[in-house]
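Colleague: Chain by chain, the residues run as shown.
There are 2 protein chains.
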Amino acid sequence: MEVETLIGSSKILKYWASLLIGLVLFFSIKYFIKNPKRKPQKKYTLDNEEDIEVEETDELQPALEEKPHLPFVAGINLNPNGAERFYRLVQGRRSIRSFRSQSIPDLSIIEDCIRAAGTAPSGAHTEPWTFCVVENSEVKQSIREIVEQEELMNYSQRMHPQWVTDLRPLQTNHIKEYLTVAPYLILIFKQTYGLSPDGRRKRHYYNEISTSIAGGILLCALQAAGLASLVTTPLNCGPALRTLLQRPVNEKLLILLAVGYPAEDCKVPDLQRKELSKIMVKY
Amino acid sequence: MEVETLIGSSKILKYWASLLIGLVLFFSIKYFIKNPKRKPQKKYTLDNEEDIEVEETDELQPALEEKPHLPFVAGINLNPNGAERFYRLVQGRRSIRSFRSQSIPDLSIIEDCIRAAGTAPSGAHTEPWTFCVVENSEVKQSIREIVEQEELMNYSQRMHPQWVTDLRPLQTNHIKEYLTVAPYLILIFKQTYGLSPDGRRKRHYYNEISTSIAGGILLCALQAAGLASLVTTPLNCGPALRTLLQRPVNEKLLILLAVGYPAEDCKVPDLQRKELSKIMVKY
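So the protein lines, in turn, are chains R and B.
Note that the UniProt record's numbering has the first sequence beginning at 1, numbered continuously upward.
Note that the UniProt record's numbering has the second sequence beginning at 1, numbered continuously upward.
Only chain R is shown next, with the shape it has when bound in the complex (with noise of 0.2 angstroms):
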């Protein structure tokens, strides 16, 4: 009895044993989990952006080269009444989905509003953007495959029904006729980290704000031109389009423009925009 008494204490010391490798393992397992890198100290931390490697020497160069500075020479601006009248250009821009296939605006006016976009600030100046600018049938009947088959998935099983819903009163469906009918699309990626001329990467400070900003100042500028747009983002279509275009891995599909003259019965939704004051607050 003593001996089988012994035993079954030993027993339970036994499963304390399976207890402790039990707890071990799930510190372990959880703290492994948790880095899945290994990486317990992320120092650097740079909201909504990729975290990418920067290889580290002995001797950090800046990006940019370190110059003296200049004396600010103020550029020219829509005076009087400026930002009146700037609200007045832009206010009459709608997004259109109806263009005129016969008219093409010429390849100049495109560049220009594409030098405009490429004036937006940027994180350190590194200017992390590409405009694709794509006038070729071929090229764009390709787009709009591609675009079409995933717009399809999109619509019928991974836009969740509340978001069908509400483009519903946007009369949009996956068939996207403005795809080879605009005269021009414009394509803009977002570039994620650059290289350097000796192949390092270079970090991209907020890099997709940057150029959705750069998106922004396009839009004034085709609005300028007297060009209308559509602004489309199309879901799960970027690496495809990637590829399409043969733009490099670190570039990233953000914005999907139409552009063109609208068609002759172009119509669009009867849509209001917020008063100022359901957007602006005052300090």
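By construction, these hints were calculated from the structure, which means they are not laboratory data.
Among these hints, one or two may not hold up.
[Claimed, not checked] Residues from chain R shown here face chain B by an in silico Cβ test under 7 angstroms; the list is partial:
1. Phe-86
2. Phe-131
3. Thr-233
4. Ile-279
[Unchecked claim] SDA-like mimics (lysine to any residue), calculated; alpha carbons at most 20 angstroms apart, straight line:
5. B:Lys-278 / R:Lys-278
6. R:Lys-278 / B:Lys-252
7. B:Lys-67 / R:Leu-271
[Unchecked claim] Quick look at which bits of chain R chain B covers, simulated, 3 or more residues with Cβ under 8 angstroms:
8. 159 to 167
9. 175 to 181
10. 263 to 275
Beta carbons are placed, not taken as given, at the ideal position from N, Cα and C, and that holds for glycine.
Please build the complex by placing chain B on the supplied structure of chain R, with the hints as guidance.
Modeller: For chain B alone, kept in the frame of chain R given last:
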């Protein structure tokens, strides 16, 4: 001896049991850590957006009213040579850090600029933005204190040394004098979701891209008005600034702009912009 052997083999068996317990623990822990909210089938995806819960109802209603579409009426433009003229307007824009504190632009100018920004396109016309315009000195002082406190930590601890080095040619540090000197600060918040009159959450598709595009239009408007600005994205300051300005929890700070007229002795970094051939590709 035979009894001892039996106990020995029983020990091994018991260790096998521990191993089994450990393995079971491993996979169940891994499962729960990988699926913290136990949502294994995330069906509706939206690139780069936080997934918000939308209440399911029997009949889904669109956020916008369903109305017949209207004929498109083209707005004004800057013709002749609209694109070129617009490029000349925005190419004079530079980010400046020295503002004239005594020259305060009329609030109506700022209002027109924000009206212009509010014409930006947005996913399903959700208009997911709020522009907080700060003229009050005490509020500006509080903003500066929050930003400088965070920026000191950003520069010394959070930012990668390469990032700090990349900013050296811009001669920036954690001291942000312009935040109290500039006559206006504009804090642009993105609304990550909206609220219906009945309190239900409305999805705000692509709110970050939409709000950044609005920011780009705002920059053009300010330039058209003859005003200078500085775009910043203060790292980690969002929650404190949101609390200071008493903005609701669905709003997140995206951009902080300082706005005003440049100081007499204002200097800017000696920067060049990329040539068109470096940012545009033709297909």
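Colleague: Give a verdict on every hint.
Modeller: Hints versus structure:
{"no.": "1", "hint": "Phe-86", "result": "holds (4 angstroms)"}
{"no.": "2", "hint": "Phe-131", "result": "holds (5 angstroms)"}
{"no.": "3", "hint": "Thr-233", "result": "holds (5 angstroms)"}
{"no.": "4", "hint": "Ile-279", "result": "holds (5 angstroms)"}
{"no.": "5", "hint": "B:Lys-278 / R:Lys-278", "result": "violated (40 angstroms)"}
{"no.": "6", "hint": "R:Lys-278 / B:Lys-252", "result": "holds (17 angstroms)"}
{"no.": "7", "hint": "B:Lys-67 / R:Leu-271", "result": "holds (9 angstroms)"}
{"no.": "8", "hint": "159 to 167", "result": "holds (count 8)"}
{"no.": "9", "hint": "175 to 181", "result": "violated (count 0)"}
{"no.": "10", "hint": "263 to 275", "result": "holds (count 9)"}
Hint violations for this structure: numbers 5, 9, all remaining hints satisfied.
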